[in-house]
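Top to bottom, those sequences are chains H and P.
Counting along the first sequence from 1, when you hit position 137 you're at 137 in my numbering, and nothing is skipped either side.
Counting along the second sequence from 1, when you hit position 48 you're at 48 in my numbering, and nothing is skipped either side.
Each hint should be verified, as a subset may be incorrect.
To be verified - Rough simulated footprint, nothing fancy, chain H against chain P, three-plus residues with beta-carbon under 8 angstroms:
| # | region |
| --- | --- |
| 1 | 79 to 93 |
| 2 | 116 to 129 |
| 3 | 148 to 162 |
| 4 | 167 to 180 |
Hints are computed from structural coordinates only; laboratory data are not their basis.
Keep in mind that this is a model prediction, so the values were computed, not measured.
Note that beta-carbon positions come from the ideal geometry of N, C-alpha and C, so glycine has one too.
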Amino acid sequence: MKLSYYPGCSLQGTALDYDKSVREVCAALDIDLLEIPDWNCCGASSAHMTNHEIGNRLPMRNLLLNLDHRHDILVPCAACYQRLRAADIALREDPEFWDVEAYSPDFRILHISTFLAEPEIIARIQEKIIRNLDDLPIACYYGCLSLRPPKVTGARNFEMPTTLETIVEALGAAPVRWAHRTECCSGSLTMARPDIARKLVGDINTAARRGGAKAFVTDCPMCQANLESRQLDNNPDDSLPAFFATELIVAAMNGVYPQKQKKLHLVRPDVLADLFTAQEAAGEERP
Amino acid sequence: MNTEPISPESGSKKFLEKLKTMEVDVHSCYQCGRCSAGCPVSEFFDLNVMEVVRLAAYGAEERLLTSKTIWLCAACETCASRCPNDIEIAGLMDVLRELALRKGIRPAEERIAIFHDCFLGSIKHWGRAYEVGMIGAYKLRSRDFMGDMKLGLDMFKKGKLSLKPHSIQGKSEIRQIFSGKGKEYER
Ligand code: SF4
Ligand code: SF4
Chain H
1 MKLSYYPGCS
11 LQGTALDYDK
21 SVREVCAALD
31 IDLLEIPDWN
41 CCGASSAHMT
51 NHEIGNRLPM
61 RNLLLNLDHR
71 HDILVPCAAC
81 YQRLRAADIA
91 LREDPEFWDV
101 EAYSPDFRIL
111 HISTFLAEPE
121 IIARIQEKII
131 RNLDDLPIAC
141 YYGCLSLRPP
151 KVTGARNFEM
161 PTTLETIVEA
171 LGAAPVRWAH
181 RTECCSGSLT
191 MARPDIARKL
201 VGDINTAARR
211 GGAKAFVTDC
221 PMCQANLESR
231 QLDNNPDDSL
241 PAFFATELIV
251 AAMNGVYPQK
261 QKKLHLVRPD
271 VLADLFTAQE
281 AAGEERP
Chain P
1 MNTEPISPES
11 GSKKFLEKLK
21 TMEVDVHSCY
31 QCGRCSAGCP
41 VSEFFDLNVM
51 EVVRLAAYGA
61 EERLLTSKTI
71 WLCAACETCA
81 SRCPNDIEIA
91 GLMDVLRELA
101 LRKGIRPAEE
111 RIAIFHDCFL
121 GSIKHWGRAY
131 EVGMIGAYKL
141 RSRDFMGDMK
151 LGLDMFKKGK
161 LSLKPHSIQG
171 KSEIRQIFSG
181 KGKEYER
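Just chain H, same shape as in the assembly:
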């Protein structure tokens, strides 16, 4: 299986390890990722929030670059996903308006966890797992941009999504029931108004702990960084590490959680690391 791949800027910077884990999962599943050549930034929230033309034209350039080989595009970042989808809709509606002669490709734009949660992909992931996650109580956190607005994202269940739960359950973790799965963490404001981010992340943290979670799992690089950093600002003792879904898959596939990976977290990810050491000590071979 071949897919075009749009990593986006975060995955080349603050979420470099997310990129590595996506590539590793896909390699294990025999999915060839063909990075869109010379892709540019999708403009993220800042572009569409302040300039309609630039906010559309930046993601459009990437879609037009994909016309050459026309594979479905895999997008790990929630913001990139939303921007590419919005640009795709605008281009299909009126290519001429955007100075494009014709645009009606049959490739799809795929968000990572929606893709990974498809039954046949989940089955293939399960075949590759050598260690399960021992009922680790985990809060699946979706945030905003892979879900909303549903007109753009195509999310089937935008108020009650289940893709992350499906993935972590397949790994043997135990997703908790909790309230704030789709609440905003205000990632787009976090630098200019950290006080707002602290408040929203604080509420998310309280809800997750109330649900009994020992960690978060997410698929959004901005959420991951914002959750970990703003929890630490609030209260280091109560902070929960935030894992990427693909990071957990890689850990379960390899049966280890390397020291190097551990160091990349701002909040100590001991809950996951200890789980693997405990399994080792018990000498168990888990399915």
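Dock chain P with the ligands against the given chain H, drawing on the hints supplied.
Here is chain P with the ligands on its own, set in the frame of chain H:
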């Protein structure tokens, strides 16, 4: 059907025209409050979301463009996803921010506007976001020198902030986009 604006005052006609071309149907709002109820940032707003929509229907441009709300909105799309009348509320916020910038109205939340501008500046220059450059520019312009110093250093130590920008080949296309491609037709 009455298609006249519901405004009790004489609002800006040009502004209402603009909303029409952007397909933001503020006149269908019946003030149910669902948008305001779900907004995660509303406690920090000076106008709540349903007030923004109603004021937009009044054409009360100036009050909107000088508000904090348009800058504090996080573009989370909760309001627009839930509006029973399918009003593009987050899209309305986009229109308001862009209009405020075009008119040179000083943003009521200046640091947020500077952040967006610095982020876009780095894309304009390199084609991809360059975090270190962007943060540096933001710090200088916002004079927010101390904020998140520790976080920045921690991220740097963890190798999450690269000192090298990622530059693309097609920079001339990006420049063209930033130089106002499409705007020739005043849209
Ligand atoms: S949810 Fe829609 S109809 Fe209800 S108050 Fe908000 S904008 Fe108006
Ligand atoms: S898009 Fe803006 S106004 Fe709407 S709910 Fe989110 S933060 Fe509030």
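The hints, checked one at a time:
1. 79 to 93: holds (count 4)
2. 116 to 129: Result for this restraint: holds, n = 8.
3. 148 to 162: holds (count 9)
4. 167 to 180: Per the Cβ count (8), the hint holds.
Of the numbered hints stated above, none is contradicted by the structure.
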